[in-house]
Every structure is written in structure tokens, then in C-alpha cells.
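A.B. asks: Chain A is already provided as a structure; the job is to place chain B on it using the hints.
Same order as they appear, the protein sequences are chains A and B.
In terms of the working numbering, the first sequence opens at residue 1 and continues consecutively.
In terms of the working numbering, the second sequence opens at residue 1 and continues consecutively.
Take the hints with a grain of salt, since some may be wrong.
To be verified - Simulated restraints on C-beta separations:
#1 B:Ala56 - A:Met43: 50 to 58 angstroms
#2 B:Gly63 - A:Arg184: 30 to 38 angstroms
#3 A:Ala153 - B:Glu88: 45 to 53 angstroms
Said to hold, decoys possible - Sample of chain A residues facing chain B (criterion: CB under 10 angstroms; computed from the structure):
#4 Thr50
#5 Pro53
#6 Pro54
#7 Phe59
#8 Ala89
#9 Asp103
#10 Lys130
#11 Glu134
#12 Phe135
#13 Lys137
#14 Leu150
Claimed, not checked - When the alpha-carbon atoms are kept at most 16 angstroms apart in a straight line, the in silico EDC-like pairs for lysine to aspartate or glutamate are as follows:
#15 A:Lys61 - B:Glu88
#16 B:Lys142 - A:Glu47
#17 B:Lys142 - B:Glu88
#18 A:Lys142 - B:Glu47
#19 B:Lys64 - A:Glu88
#20 B:Lys129 - A:Glu47
No lab work stands behind these hints, which were simulated from the structure alone.
Here a beta-carbon is modelled for each residue, glycine too, at the ideal position from N, C-alpha and C.
2 protein chains.
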Amino acid sequence: MRYELYYWPGIQGRGEYIRLALEDAGADYADVARSERGMAAMMKMMEARTGTPPFAPPFLKAGKLVIGQTANILLYLGSRHGLAPKPEAGRLWVHQLQLTVADLVLEIHDTHHPLGPSLYYEDQRGPAKKRSDEFWKERVPKYLGYFERLLRADGGHYLTGRRLTYADLSLFQIVEGLRYAYPRRMKAFERNIPGLVGLRDRVAARPNIKAYLASDRRIAFNEDGIFRRYKALDG
Amino acid sequence: MRYELYYWPGIQGRGEYIRLALEDAGADYADVARSERGMAAMMKMMEARTGTPPFAPPFLKAGKLVIGQTANILLYLGSRHGLAPKPEAGRLWVHQLQLTVADLVLEIHDTHHPLGPSLYYEDQRGPAKKRSDEFWKERVPKYLGYFERLLRADGGHYLTGRRLTYADLSLFQIVEGLRYAYPRRMKAFERNIPGLVGLRDRVAARPNIKAYLASDRRIAFNEDGIFRRYKALDG
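Next comes chain A alone, as it looks inside the complex (with noise of 0.2 angstroms):
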């Protein structure tokens, strides 16, 4: 089965979650939104009166299936790709690490937007200042701590052990997108988290996503996405 998903074309936005798990999988997919095209079926989808119309992308179209919500289609993805154990228990924990992934999302987000995702970044910027410097000082070490802790107790591998979930993919992207929007706090913050420092290696080395991550399926960050590098929120 050919997948269908849709996304902003010019991000990579929450969108990236997504792609990281179908590359690794090495699942056939159309980006469809990036195509010609592609952003009037992407905005026709969502304007549905039947079936299951998507509050905002990224989804996934799989088969006669049409899933919205990050986490949910990586649920849905995770047990078809070997990318999340196939007992409840497991399914539920990774489940579970991917949606406090999508809270720190998130608070990433609100710090260039704290007044709203409807108001421009430079129509906030005082606000935008005290919110990344609040987050840095609470919410990062609470956050990557947590993972880091996690990490450690399983043998410092992946996060839930030896072998690689969804949830591994998207710290990946974690720590990629706070280097980027954030180089000076996270140079100085690093040294506390080797552990995902280490899975970021360990994740950036598999073959599938070495040769996404080189490809030009890999949109760069940018200043339209979630991870955005404004010098005056680097600290």
C-alpha cells in the first residue's frame, strides 16, 4: 500500500514525525502536499462533510483510512512497521512517551508564539523573549530530563530498550530542532543529557534516515516551522 500524507509543503512542522517513521520503515509514500496540486486536495480533504475530516494536517491517508492527529497515526503506523512492541503494555508506554513529545512540541511552539498561533512572531517578541527564557529555565530541563532518566534506566540504547520505537525518531528530531533553533542554550544544555545526545547519533546513523536526512525529501528548518532560530530568544 502506497501511503497518502499531508502536510505543509514548505515545513518540516509536526509533519516530520511522521516522515521520519515511514523513512525508517522504508514505506512507500506520496508527500502529496509538496506535489503539483497537492495543497488544493490537501485543503478539499479537510473541508469534508462526511467520513473522518482532519482538524489540521499532518494526516495520513492509508487505504480507505484518513487519520489526523500526530501521535494517533504513529500509533496506527507503530505496529504495522516494527515501530513499537505489539503487546498492549508496550504499545500504551510508547503511546504515551509520543504524546508528552507532542506536549514539549507544543511549548516550542509557544515560545516564538506565547499570544497565539494567529499573531506574527515579530507582534510578540517581548512576550516571546520571557517565555523562551522561562522555558529553558523550567520546562527544558523538566522535559529532556525526563527522557534522559528513561534512557538511562533501559540500558542508555532507545528509549524503551534495544530496539527502536516512533518515540526514538521523534527525540531525534527533538534535539536536532533545539540545536537549530537554539544553538547557544543547547551547546551550554547538552552536557546534561548524553544519553540523548547518544540515541541522536544512534538514530542520525541508520541507514534509512542517513539517506532521508541527505535527500531533498528532508525540508531544512526554517523560520515557518516549529523549530525557528530567532537570535533573540537564543538567551
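C.D. replies: Frame of chain A; chain B shown alone:
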């Protein structure tokens, strides 16, 4: 099996979406942190070095399982208590709706905490006013308009048709919470969402929910929770 729910004892918060599901299902559960020494038990489980320690409450102990993240707990309960369809397509769809509710809940929290969850409201009154204005102008119509549209498409009974799911219970809580926190704004807005108001009434009239709401198991809304009544933010 007697479930153990762990959540902050003084607020409805995210725990309420779980309570509503357990109550409607007539499930046997203990609200652990509201009992003597319950808070200490909760903190101890969060600091566990083995197993599946949650990042934050709420979490649910179900036999040997410890399940964190609100939507993940509902995913688990839904299939066991008739609060979600059993076939995969329906299960994913209801979960997707719940994750969209979760995004909305986070945005509601941000209306009074735009500069971050670790600062007091009193230290962010100005930004909170701006974020609240933006929330009601852009986000409420988008989110509630989406759910209203789904309700109409499915005949207006419950979100996915004639059978209630946990996502309906959560939408009940959203309507109740917005009425509490923003009485003026919500009163003016309700004319746009007759379907959601009807859904709220249908949920409130369900015998188990009715009994729950009248009991002292239902914590009252207050200004430590997600829905806070701050007059300055109400238009």
C-alpha cells in the same frame, strides 16, 4: 478490577476527562491523591526508576499497568467500557477527536498562562488578556466550529453517531468549563453551537453523570485549574 486514578487532588484539571469516563462507565475506581497519604503515593510513582513512570498526572493504575497521558488512558478505557468503537477505524477516529480536544485544552490553559506554566497568572496579566482575546477571536470559532460541524454531519446526537464515546464526555467538560471561565463571552458565542449545547445537555442527563455531578466526587471549578474565571479576561 478496581482502578487507581492519580491526579492533583484540588482541581478538575486533566483528571476530569478520566473521571467522567470512569463515572459514565460505572467503573470501580479510587481517586488516590484525594485520600490520606495519596499525594505521597502519587509522587513516589512519578519518581520511579523502573517500569513506566509518567511525566505528569493524570495516570491510571489498571492491574499491573501504569498508564499516563489523558488521551492514552481514555484509549485504554474506551475499548474496555463501551466508550469507543471496537474496530480499528472507529477507535482511531475517536482517539483523533480526543487529541484535538487535548490541543484545545492546552490552548485554554495558555489563555491565563501565555508566558509559561511555571509563572503565576498575576505575573502575566497583560499577555493573558491579549492571548484570551485572540483565543476567542480565532481559536474558539475554529475548534468549536469543527466539532459543531461533525455533530451536524452525524445527525446531532453524539460526535460519531447515536452512541456516546469518551470524546463526547470531554466535549461536555469543554462546554461546562468555558461557561465557568468565560461566562460573558461564552453566552454570546453559544448561538453558534446549538449542536454542542445539545450534546452538553444529553451528557448531563445521563444517569451516571447526573449522579456524579451531584456528588462530592465532582470537584468544583476553581482558579487553580485549567478553566479559571478571571473577570479581566472575559471580554
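A.B. asks: Has the given pair, Lys142 (chain A) with Glu47 (chain B), been kept, meaning a C-alpha gap of at most 16 angstroms?
C.D. replies: Given that 16 angstroms is the threshold and the Cα spacing comes to 12 angstroms, the pair holds.
A.B. asks: Less than 10 angstroms between beta-carbons is the criterion; does Pro53 (chain A) satisfy it with respect to chain B?
C.D. replies: Interface hint status for Pro53 (chain A): holds (8 angstroms vs cutoff 10 angstroms).
A.B. asks: Between Ala56 (chain B) and Met43 (chain A), does the beta-carbon spacing fit 50 to 58 angstroms?
C.D. replies: violated (36 angstroms)
A.B. asks: Would the hint on Phe135 (chain A) stand, with a C-beta cut-off of 10 angstroms toward chain B?
C.D. replies: holds (6 angstroms)
A.B. asks: Quick check on Lys130 (chain A) please, does its C-beta sit within 10 angstroms of some C-beta on chain B?
C.D. replies: Because about 5 angstroms separates Lys130 (chain A) from the closest Cβ in chain B, which is inside the 10 angstroms limit, the hint holds.
A.B. asks: Does the structure keep Lys61 (chain A) and Glu88 (chain B) at a Cα separation of 16 angstroms or less?
C.D. replies: holds (14 angstroms)
A.B. asks: Checking one constraint from the list: CA of Lys64 (chain B) to CA of Glu88 (chain A), max 16 angstroms. Satisfied?
C.D. replies: Distance of about 12 angstroms is within 16 angstroms: holds.
A.B. asks: Regarding the pair Lys142 (chain B) and Glu88 (chain B), is the alpha-carbon distance no greater than 16 angstroms?
C.D. replies: violated (27 angstroms)
A.B. asks: Hint says 30 to 38 angstroms; check whether the CB-CB distance for Gly63 (chain B) and Arg184 (chain A) agrees.
C.D. replies: Roughly 47 angstroms apart at Cβ, these two residues miss the hinted range, so it is violated.
A.B. asks: Going by Cβ atoms only, is Ala89 (chain A) closer than 10 angstroms to chain B?
C.D. replies: holds (6 angstroms)
A.B. asks: Against chain B, run the beta carbon of Asp103 (chain A) and see if the smallest gap drops under 10 angstroms.
C.D. replies: holds (7 angstroms)
A.B. asks: Look at the Cβ atoms of Ala153 (chain A) and Glu88 (chain B) and judge whether their distance stays inside 45 to 53 angstroms.
C.D. replies: About 32 angstroms separates the Cβ atoms of Ala153 (chain A) and Glu88 (chain B), which means 45 to 53 angstroms is violated.
Violation of the numbered hints given earlier is confined to hints 1, 2, 3, 17, 20; the remaining hints are satisfied by the structure.
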